Structures are given as structure tokens and as C-alpha cells.
Amino acid sequence: MGTDSTDCMLLLAAEAFKSKNFGLAADIYECQMLHLRDPGTQQDLLVKRADALAFAGKLTEAFEIYRKAAEIERLRPVHLENLIIYLSNSIKRKDGTDSQSNRQETNSYCVGYDAFTCRICYGFLYEPVTLPCGHCFCKKCLDREQINVCCKECNDITKFNDVDNYRVNVVLSNLLSKWFPVQLLAVHLRRGGNGLYSEKIMDAALDKYNEAVQIAPRDHVLYSNRSQINSSLNNYQDALHDAEMACKLMPLWSMGHIRKAQALVTLGKCEEALREYLVVIALDPESKLAKTEAQKILSDLQAPVTDQVHNRILDCTSLLSSRSRFKGGILNTSSCIITTSSKSYKDYKNIITSDEKLTLSPTLSESKTDGSFETCSGKKGAHQVNVCHSSVTNRSVFLKRSSSEDSEVDSIDICKRSKSEVTQNEQATSWSTVLAGLIDPTDLECSLCMRLFYEPVTTPCGHTFCLKCLERCLDYNPKCPLCKMELKEYLAESKYNKTVLVENLICKYLPSELMDRQKVNAEEIADLSNLNKNVPIFVCTMAFPTVPCPLHVFEPCYRLMIRRCMEMGTKQFGMCLDDNLKGFADYGCLLEIRNVECFADGRSVVDTIGKRRFKVIEHHQRDGYNTADIQYLEDVKVEGVTEKELQSLHDAVYDQALIWVNSLKAEQMERIVGHFGPMPEKDSEPQASPNGPSWCWWLLAVLPLEGRAQLPFLALTSLKDRLCGIRRVLLFMTRNCSSR
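Here the sequence shown stands for residues 200 to 939, where the numbers follow my numbering.
These are calculated hints, taken from the structure and not from any lab test.
Note that the coordinates shown come from a computational prediction; the quantities given were computed from them, not determined experimentally.
Incorrect hints may appear among the rest.
Straight-line C-alpha distance at most 30 Å; calculated DSS-like pairs for lysine-lysine [what the hints assert, rightly or not]:
| # | residue 1 | residue 2 |
| --- | --- | --- |
| 1 | Lys339 | Lys770 |
| 2 | Lys781 | Lys770 |
| 3 | Lys678 | Lys781 |
| 4 | Lys881 | Lys732 |
| 5 | Lys810 | Lys339 |
| 6 | Lys814 | Lys770 |
| 7 | Lys836 | Lys377 |
| 8 | Lys694 | Lys781 |
| 9 | Lys697 | Lys678 |
| 10 | Lys267 | Lys447 |
| 11 | Lys339 | Lys267 |
| 12 | Lys781 | Lys697 |
| 13 | Lys732 | Lys843 |
| 14 | Lys843 | Lys864 |
| 15 | Lys836 | Lys881 |
| 16 | Lys217 | Lys399 |
| 17 | Lys781 | Lys843 |
| 18 | Lys377 | Lys810 |
| 19 | Lys687 | Lys770 |
| 20 | Lys377 | Lys697 |
| 21 | Lys447 | Lys377 |
| 22 | Lys377 | Lys732 |
| 23 | Lys732 | Lys718 |
| 24 | Lys694 | Lys683 |
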């Protein structure tokens, strides 16, 4: 067979594997081995065929092929990459649950201060920092993140490039200090231990962690870090015990399983270590550390051993088979040891084909955890590899194959905890419940309105306010009301998301106070939504029904007014001329907001159109802008002979207006149309609208009249009088043009 033909067949096999036609891929690779005799090529084809068989579920046959490949030359870690993927996928294969339920299950394991848990390290929320999305994390956890921080709760990617400069949430930090002083002390001890560890003062670091564990025995991060310290002190059994405790407290936390795997390797228990690394990959598919270490261990375990190559093979499927490995979601460490020399392949096959299923969340973070040490490296890593290799050569790690039947690896459910375990865990963590005597509503009050937080938001400087309070302050000055930190970038983003934890705490611990606060807010909303009383008034220019009125809003009081109109859903406000005595005129027009275009500095361009005329009954003020109680105006309809006369007058004035409009210069007309639109058509029924014909209002808007001269037309409720007034203005304009 020619080289080109062989290359085509290998490409076809690769495409078949990619399209999940694993059987076809395996057959093609088998055929190609007959024509290619080079040992290196033979090994590559054997590995690829074994990969295809593994993904097809034919694990028995796959491991036989891997064994043959290992006989040619020791398998490199890269050769086992696909096998690792298959084994980890088998672990996390789902049984009807989704990733969201897995995340909720993970959160349920968090120790008693669950609401105060960082969702990156799953430890106590220390020095909480609030992201723009409203979720809180430990400051050190965020410091380890990349420039564009991705929230672990909502996957929001922060657009701010200076997350490192975000400050600790003052309100939450004070609450944590008040409600959980013991846990806070444990975190301080942990930080002290971390500093000693970085200075390689191991014994002192261990003492710090021992003290921390005594006062916070349910903190999985403490056990994980102490496991690392014990490993550095060659206390490998203690390191394993601490890692197992971390896994027991937080079964779906990948770092705990990494610590356990590292401890198992140092103890020479490489098969169990491999199993832990597979669990890590199932939890976090992006974990490069777990993939690399799993490949190394599997490569060592597959390496040929003298006088055993032809009759023994590692049965990797046993790595997934221990029923009691996760007892209802909590590790049973005594069941993790594989006695490979005492069981035949058939014994393991019965376990492999069990009906238990494993469901793991693939979204947990591996190593970016607050207080978690870096992965072992350097000489220590070399020591681990040597231990693993010696375990292969000194113990029987290959199992005799007595059957060629294919085994399908099912999943094992580690998420279902027994009721007794749930009760036990809840009792063990009840110490962290917030004492009623410590709950003080004043700890959750806005410093601006001095009321309970309502829709709390937190600025990058760490201060928390009611959403409406902060918006009103930023209307006047783009700085924090408390520390005066510049908030221009925060204002430009307009990303005022509620601080989830603060809102949840209010709901949980201050329900009656929150209900009272909601009632007050509902009353304010009802008052703001009323379009007869306390209607917001924009004092600026003349506006007319049906005529567009674009506005440039920059004054703080009107920013607030426009925002409220949009939030209330009314999208309407009154427009009046100013008045030296009363503040604004007695007549105006209600405008409806069609669109608002906001700028980074808080200014906005508001596109509005006139709706209805009104008369001001009473003048008021609210929060810096004018309001009024109003009465809407409508034209009085006429009938009979008067109606016919009105129709004739209407047609005559329209024709007269059209002549004047057509006499305007092209440049003038272009500006008028750009601002007010084209002149409306003549109405067939002049009295159809309560405001009268729309062309009348358009004409009044474009006629060169001062606002004081236009205002009386707005107050008229007689269409006849309005038409007569327009006719007099047109006659005056015509005479003026003639005299020139």
C-alpha cells in the first residue's frame, strides 16, 4: 500500500474518532498496522487503536492493546491523554442531574457559615470584596484571578482592569468581625501559618495550623493546607489524614482531592492517587496539574515489569469501581486501598458493572484558593515519582486477565448523602449560627438615608448604599459619598447590581424590618406613578401635543426625575415655561419619553413627544425638582351649524398655513423638518382628537413666536378660538414679508 493511501486511511480514522465512530477508527488502525512495521509507528497505531476501543466501551480489549504498545517502548504520558479523558468522563457521567444542581449540592457542603462562604476557595469569606455583578469573594482569591475576573457564581466577566484595587466591603467586613470572631481568628492564624510556611519555618507553621484547627474544626481549607505542611515535614500519614478530612468536609472541592493524591503518591499508593486525580479532572476538566500527574502515574503503572509483561496487566477500570469510595458523598478512606493481588479480573468486573452512578460538578476551581499552598514541585516532586516507580516494581500491580468480555464503566453517585450524615453535619456546624443578640438593624443601614438598605449596591471602594441613594449622589458628583473616591468609571458602566449577600442577610435576619421598608418604598412608588398628583415638571420650554421635543438633560435634579419616570414605567412628565413668581407657568404639556441615550458622565439625550395639555392646580417640589397637581384639558366639541362653520374655518386656515410654510427657504425648512418633522396632513375630522388637529400644534411650534405668546394657545379649549388666533398670526407674518 502506498504512502498516500496510508495517509488517507489514517486521516479517515482520525475523522471517524472525531465523529465518535470509534469502532470504524479501531478497525482502520488495526488494518494499517499490517502495512507499517516501524516500531515507533506501530506503537502510535496501537495507542490510537486502544483509545478508540476505550471510547467504544471495550475496555478489556483496549487495555490488552495498551499492554502490547508498552512492550515496544515505555508509554509516554502523552500516549495516555485520551485514556485519562475517557476515565474522567466516566466518573462525571451524569444521571439526569444538571450542573446547576451540582453547584447547589456543592454549596450545601459548605460549613455552617454557608452564606459567608467564598465560592472560589469554599472557605470562610475573609476580607470580602464585591464585584460589579454583586457577588462577594475573598480579596486574596480575587488577587489570584486574571485581569478579567470571571465571577464563579454568575460567570460575569468584569470589565474593570483594576480589580486588584477593589477594596474590602466595609459593611460585610464589620458583620463578619462581629458575628464570627472565632472563625476570623482561625483565618488570622492561617495567614500567619502561610507566612511561616513561605519562610520555610515548617514546625512553627504547623503549630499555627494546629491552633487554627482546634478553634475551627470544620474548615476544610485548614486541613488541606496542613496536609501540605505535613508533607513538607515528611509526615506523610498525617498529610493523608488531613487531606481525607478536607475531602470529607468538602467532597466536591478539587484541591482536597489533589492534596490526597499527593499524599498517596508519597506513601506509594499510586493506584489510589490516580483515582483521586481522575476525580479532580472530573471536577475541573481544565486542571493541567491533575492531567499531567495522572498521565505520569498511569504511564508508570503500564510500564513492563520483568517476567510479568505477558501475563499481567493493570486493570484501570478498577480505579472507578469501589462502591464504598464515597459513602453518600463523604469519603470512606478505608475502602480506597486496592488489593490487586487478591482479586481476579472477574471479581473486579462484577464491581465495575455496578449500577451506581457518579455525578460531579465540572465547574469547581482547582488551586486558586485563599490560603491554599502551591502544588508540590522540585525535589519533592522527584521523590514522588521515585516512590511511584518503586511501588510498580516491588508490588503486584498487574492483574491476570481471565476473561475477554467487554466491561462498560457506569457512574457512581457521590452526591447523595444519607439522612443521618446530613443531620450529623448540621449538628456539627450549628456553632456558627448567628446569635440573635448580635443582630442589630443599624449594622445594615444606609449611611445616606439612615434607613435599612433597600436594593443595596457596593462601590469599588467598598462602601454600600441603597441603589436610589447612590444614584442621586452620583447625579451631583461622581465620587463616593463617604470616602470621595472617584467613581467615573463605575458611573460610566452604569452597572449597579445589587450586593447579593447583603440583600440575603436582610431577608434572613431582618424580615419584619424589611417588610416595613418595602411598604415605605411601595408608597413612594405609588406616589411617583400618579399622573394627576405630584406630577414631575420639567421647567424649560414650550411643548405641544403630538410634536417631538428632544431634551439634553444634564442637571442633577432632572437626571433623577427622568430616571424615576423610566423606573416607574410611566415614562411621562410635564413640561412648563418658567415663571418668576410661581416657579413655572400654570399651563403645560405632558411629554412621553420615547428613548433615552445616556453618556458616561451622566448626561443624557431624551427623545420625547407631546401627549396631553394640562392646567396646574397646585405647585409643589420633590427632591430638588418641581411637581404639580394637574387637571387635563380637552377641546369643547361643537355640533350642527357651528360644526360646519368650524370645518370651513379649519380648511381655510390650513390652506393659509400651507402657503406660509411653502414660502420658507429650503435651509429653514430643512432645519424645521429635522427638529419637528414634516407638517402633518389636514385632519378630515378636526374634532376627532381632544387636543384638536395635530397640524395646529406643529405650526405653533415652528412659528417665530416667543413662549409667552405661544402659552395662551395651549390653555384654549375652543378649537375655533385657536384657529382664529393662528390666522391672525399668519396674516401678521404675511404682511411682514410683504413690507420687506
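Evaluated hints:
For the suggested pair Lys339 and Lys770, the alpha carbons sit about 44 Å apart, so the restraint of at most 30 Å is broken. At roughly 25 Å between alpha-carbon atoms, Lys781 and Lys770 fall within 30 Å of each other, so this suggested pair holds. Simply put, Lys678 and Lys781 have alpha-carbon atoms about 34 Å apart, too far for the 30 Å limit, and the pair is violated. The suggested pairing of Lys881 with Lys732 is violated, with an alpha-carbon distance near 35 Å, which exceeds 30 Å.
Our distance criterion of 30 Å between C-alpha atoms is broken by Lys810 and Lys339, whose separation comes to about 55 Å. Pair hint Lys814 plus Lys770 holds up; C-alpha atoms about 20 Å apart against a cutoff of 30 Å. Distance check on the hinted pair: Lys836 and Lys377 sit about 71 Å apart at the alpha-carbon level, beyond 30 Å; violated. Of the pairs offered as hints, the one joining Lys694 and Lys781 is violated, with about 39 Å between alpha carbons and a cut-off of 30 Å exceeded.
Taken as a hint, the Lys697 and Lys678 pair is honoured in the structure, with Cα atoms around 19 Å apart against an allowance of 30 Å. A threshold of 30 Å between alpha carbons decides the hint, and for Lys267 with Lys447 the separation of about 39 Å lies outside it, so the pair is violated. Distance check on the hinted pair: Lys339 and Lys267 sit about 49 Å apart at the alpha-carbon level, beyond 30 Å; violated. Annotation: proposed proximity of Lys781 to Lys697 is violated, straight-line Cα distance about 40 Å (limit 30 Å).
Between the alpha carbons of Lys732 and Lys843 the distance comes to roughly 38 Å, so the proposed pair goes past 30 Å and is violated. Under the criterion of a C-alpha separation no larger than 30 Å, the hint pairing Lys843 with Lys864 is inconsistent with the structure, at around 35 Å. A C-alpha spacing of about 18 Å is found between Lys836 and Lys881, which places the hinted pair at or below 30 Å, so the restraint holds. For the hint linking Lys217 to Lys399, the alpha-carbon distance of about 48 Å lies beyond 30 Å, and the restraint is violated.
Taken as a hint, the Lys781 and Lys843 pair is broken in the structure, with Cα atoms around 41 Å apart against an allowance of 30 Å. Restraint check for Lys377 and Lys810: the C-alpha separation of about 55 Å exceeds 30 Å, so the hint is violated. Of the supplied pair hints, the one linking Lys687 and Lys770 holds, its CA atoms being roughly 27 Å apart against a limit of 30 Å. Straight-line distance between C-alpha atoms of Lys377 and Lys697 comes to about 23 Å, which keeps the hinted pair within the 30 Å bound.
Between Lys447 and Lys377, the direct Cα distance comes to roughly 29 Å. Compliance with the 30 Å bound is thereby established for this hinted pair. Distance check on the hinted pair: Lys377 and Lys732 sit about 46 Å apart at the alpha-carbon level, beyond 30 Å; violated. Annotation: proposed proximity of Lys732 to Lys718 holds, straight-line Cα distance about 20 Å (limit 30 Å). Proposed proximity of Lys694 and Lys683 is supported: the alpha carbons are some 19 Å apart, at most 30 Å.
In terms of the numbered hints stated before, the structure departs from hints 1, 3, 4, 5, 7, 8, 10, 11, 12, 13, 14, 16, 17, 18, 22, listed from lowest to highest.
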